[in-house]
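**Q** Sequence:
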Amino acid sequence: MEMRRRDRLMSNEDALNILKEGEYGILATVDSNGQPYGVPLSYIVIDNTIYYHGANAGGTKHNNIINNDKVTFTVVGKTKILPDKFGTLYESVIAFGKAALVTDEAESLMAFKEFLYKYCTDYIAEGEKYIDTAGSKAMIVKIAIDSLTGKHRV
Numbered sequence: 009m010e011m012r013r014r015d016r017l018m019s020n021e022d023a024l025n026i027l028k029e030g031e032y033g034i035l036a037t038v039d040s041n042g043q044p045y046g047v048p049l050s051y052i053v054i055d056n057t058i059y060y061h062g063a064n065a066g067g068t069k070h071n072n073i074i075n076n077d078k079v080t081f082t083v084v085g086k087t088k089i090l091p092d093k094f095g096t097l098y099e100s101v102i103a104f105g106k107a108a109l110v111t112d113e114a115e116s117l118m119a120f121k122e123f124l125y126k127y128c129t130d131y132i133a134e135g136e137k138y139i140d141t142a143g144s145k146a147m148i149v150k151i152a153i154d155s156l157t158g159k160h161r162v
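Residue numbers for the sequence shown follow the working numbering, so the first one is 9 and each next one is one higher.
Calculated from the structure, these hints are not laboratory results.
Note that this is a predicted model, so its numbers are computed, not measured.
Where a beta carbon is used, it is the ideal one built from N, C-alpha and C, also for glycine.
Treat the hints with care, as some may be off.
Below, simulated BS3-like cross-link-like pairs (lysine-lysine); rule was C-alpha separation at most 25 Å, straight line [what the hints assert, rightly or not]: (1) K159 <-> K121; (2) K137 <-> K93; (3) K126 <-> K69; (4) K86 <-> K159; (5) K93 <-> K159; (6) K159 <-> K28; (7) K126 <-> K145; (8) K28 <-> K93; (9) K106 <-> K159; (10) K106 <-> K126; (11) K126 <-> K137; (12) K137 <-> K86; (13) K28 <-> K126; (14) K78 <-> K28; (15) K137 <-> K121; (16) K106 <-> K69; (17) K88 <-> K106; (18) K28 <-> K121; (19) K137 <-> K159; (20) K88 <-> K137; (21) K137 <-> K106; (22) K137 <-> K78; (23) K28 <-> K69; (24) K86 <-> K145; (25) K78 <-> K159; (26) K88 <-> K145.
Beta-carbon label-pair distances, calculated as ranges [unchecked claim]: (27) E113 <-> N71: 29 to 39 Å; (28) Y127 <-> N75: 21 to 31 Å; (29) A133 <-> A63: 23 to 33 Å; (30) G42 <-> S155: 14 to 24 Å; (31) T141 <-> N20: 31 to 41 Å.
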């Protein structure tokens, strides 16, 4: 997809850094009727793959991905409103890719642990115990990134 404001295009490396450092992102899917569905999620990035977790199969996100595995994942980094300039400073990234349920137990465990390292750094031991008892009630989904677009106004 061609960006209109080429002067605001971010390097792929900077875009990947914003993606990795973001606190949450918006997953966009489409249902079987063509209705878009966007939902904010916590997530992690390992190499060129985004992971998120959720309740076991049956929800809207999961059903939409079964219907159409093509998704986008958007993260907004730092922002600052400039009221006197009628504008905003910002950094944002959109990842385009395909989503799939992680079925490999070792990969799921690795992803769950990475969630601990990103979001629960002071509670690693407790989190590992939680994963042992509750991990089977959740699923991990991965998004293989096909392309990444970053845009900023700094």
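**Q** Please name the hints from earlier in the document that this structure breaks, with their numbers sorted from lowest to highest.
**A** 1, 2, 8, 12, 17, 19, 20, 21, 22, 24, 26 and 27
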